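K.L.:
Position chain B against the provided structure of chain A, taking the given hints into account.
For reference, the chains in residue letters:
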Amino acid sequence: MSIDPETLMAYADGECDPLTARRVEKAMAADPAIAAEVEAHRALRMQLSNAFAPIADEPIPARIAAPLTSNVVAFPGRPRRRFSAAWAGAVAASLVVGLVLGRGLMPAGPVATGASGLIAGGALARALDTQLGSDGARDGVRMLASFRAQDGALCRVFTATRTSGIACRDGQAWALRRTMTGVTENGAYRQAASPTAALMTDAQDLMAGEPLDTAAERDAVARGWR
Amino acid sequence: MKRALASVSSPLEKEAKLSFESDLTALLPRLRRFARSLTHDAADADDLTQVAVERALVARASFAAGTRMDSWMYRIMRNAWIDTSRARTRAAQTFVAEEAGAAIGDDGDRAMEARAELDRVGRAMATLPDEQREAVALVLVEGLAYKEAAAVLDIPMGTLTSRLVRGRAALMERLGKAA
Chain A
1 MSIDPETLMA
11 YADGECDPLT
21 ARRVEKAMAA
31 DPAIAAEVEA
41 HRALRMQLSN
51 AFAPIADEPI
61 PARIAAPLTS
71 NVVAFPGRPR
81 RRFSAAWAGA
91 VAASLVVGLV
101 LGRGLMPAGP
111 VATGASGLIA
121 GGALARALDT
131 QLGSDGARDG
141 VRMLASFRAQ
151 DGALCRVFTA
161 TRTSGIACRD
171 GQAWALRRTM
181 TGVTENGAYR
191 QAASPTAALM
201 TDAQDLMAGE
211 PLDTAAERDA
221 VARGWR
Chain B
1001 MKRALASVSS
1011 PLEKEAKLSF
1021 ESDLTALLPR
1031 LRRFARSLTH
1041 DAADADDLTQ
1051 VAVERALVAR
1061 ASFAAGTRMD
1071 SWMYRIMRNA
1081 WIDTSRARTR
1091 AAQTFVAEEA
1101 GAAIGDDGDR
1111 AMEARAELDR
1121 VGRAMATLPD
1131 EQREAVALVL
1141 VEGLAYKEAA
1151 AVLDIPMGTL
1161 TSRLVRGRAA
1171 LMERLGKAA
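Going line by line, the protein sequences match chains A and B.
Numbering-wise (our numbering), the first sequence opens with residue 1 and increments by one.
Numbering-wise (our numbering), the second sequence opens with residue 1001 and increments by one.
Just chain A, with the same shape it has in the complex (with noise of 0.2 Å):
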């Protein structure tokens, strides 16, 4: 009985359907040499298999593993991750300014601290309540754009002299999703301004859709932007 190279190299790998198999033990135990090439097989697989083995263990090299990691953090539209970190200091720093500015522009401070993070209050809640982005400039204070998110909040893009961010609609407050230390007011402020460069950034990269028109807005604000 003879078996082909192919068909003895199959077994030894575990490659046959039961019946060959059978065929090659029965050859095997007929045939020393057969057994032999068969467990020829084995041994090479498992030298080939341990040899190569330390390389799966060793550390992946930085140059190798860095376009798997760096997509991630560089992935456009990412809102919340850009969040959490740039936006923490800006946050902070916008609150501060805004608390100990903001008085004179904003009676009752123009940000204050609500269940769910930050919440626009005083003259900034009242004018992200009323004001269109058609009013231009109303104490220092104007609405750049308002949009829904795609969460499916009314957001407003808003700068005022202290503090600019984009705010939402949640429930009766205005929670601020980005905050940014002030755009001054000067006339200039639109090219200006790289923060409010970036703030329209982040609202697009919230929006849903287009941003509302002014009829929209009107809309808007007669609804109490729900």
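Read the hints as simulated data drawn from the structure, not as lab findings.
Here the structure is a predicted model, which means the values were calculated and not measured.
Accuracy of the hints is not assured; some may be wrong.
[To be verified] Part of the chain B face toward chain A, derived, beta carbon under 10 Å:
| # | residue |
| --- | --- |
| 1 | T1025 |
| 2 | T1049 |
| 3 | L1057 |
| 4 | R1115 |
| 5 | V1136 |
[Stated by the list, open to error] The following residues of chain B were derived to be distant from chain A, with all beta-carbon distances above 12 Å:
| # | residue |
| --- | --- |
| 6 | N1079 |
| 7 | E1142 |
| 8 | S1162 |
[To be verified] In silico SDA-like cross-links for lysine to any residue, where the CA-CA straight-line distance does not exceed 25 Å:
| # | chain 1 | residue 1 | chain 2 | residue 2 |
| --- | --- | --- | --- | --- |
| 9 | B | K1147 | B | M1172 |
| 10 | A | K26 | B | A1169 |
| 11 | B | K1147 | A | G122 |
Ideal Cβ placement from N, Cα and C applies to all residues, glycine included.
P.N.:
For chain B alone, coordinates are given in the frame of chain A:
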């Protein structure tokens, strides 16, 4: 604004993206090993792994979620090897240092032995024709089933087994002689 909005992913897409990256990261040790069995040279192997990862990121849209990423990655790496490093590897194998493994000191005896063995086996692999080497690497080093290896290499089963038989016979001869 429109263009920026188009790049915003749904939460589900983000999740798929993150799992793509973590799944790929988990495969890196095996991919480096496969690269090493193809190229023999350690620096070439890491170059190849890097190229394969970059190509995978570019081609990620063609990966069907729920299918085997290892097979998909092996195929990408094997194709990258063909495209970028075959000529170089072939040239390099002529100059492989005879006792490269023995020259490295300071390791424990066992580590040195392992390195010498890897060098010996790697040099034997490097003498195989490419088509035999890739078959041997996938089945004997990576442990793929014949069917899986044939799919990665896009060849019929019969072609795979005949390449395997020839590759193994050559390796047995070389490694047997050197032992």
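K.L.:
Determine for every hint whether it applies to the structure shown.
P.N.:
Structure-based check of each hint:
With its C-beta approaching chain A no nearer than about 5 Å, T1025 of chain B sits inside the 10 Å limit, and its interface hint holds. For T1049 of chain B, the shortest C-beta to C-beta distance to chain A is roughly 5 Å, which falls under 10 Å, so the interface hint holds. Restraint check, L1057 of chain B versus chain A: the minimum CB separation of about 6 Å is within 10 Å; hint holds. For R1115 of chain B, the interface hint holds, the least distance from its beta-carbon to any beta-carbon of chain A being 8 Å, beneath 10 Å.
Contact between V1136 of chain B and chain A, as hinted, is supported at the beta carbon level, the nearest pair being about 7 Å apart and thus within 10 Å. For N1079 of chain B, the non-interface assignment is confirmed: its Cβ lies about 18 Å from the closest Cβ of chain A, beyond the 12 Å cut-off. A beta-carbon of chain A is positioned within 12 Å of the beta-carbon of E1142 of chain B; the least distance is around 9 Å. Annotated as non-interface, S1162 of chain B brings its C-beta within 12 Å of a C-beta of chain A; the closest such distance is 7 Å.
Between K1147 of chain B and M1172 of chain B the CA atoms are separated by roughly 23 Å; this keeps the pair inside 25 Å, and the hint holds. Taking the CA atoms of K26 of chain A and A1169 of chain B, the gap is about 23 Å. The hint holds against a cut of 25 Å. At roughly 70 Å between alpha-carbon atoms, K1147 of chain B and G122 of chain A are farther apart than 25 Å, so this suggested pair is violated.
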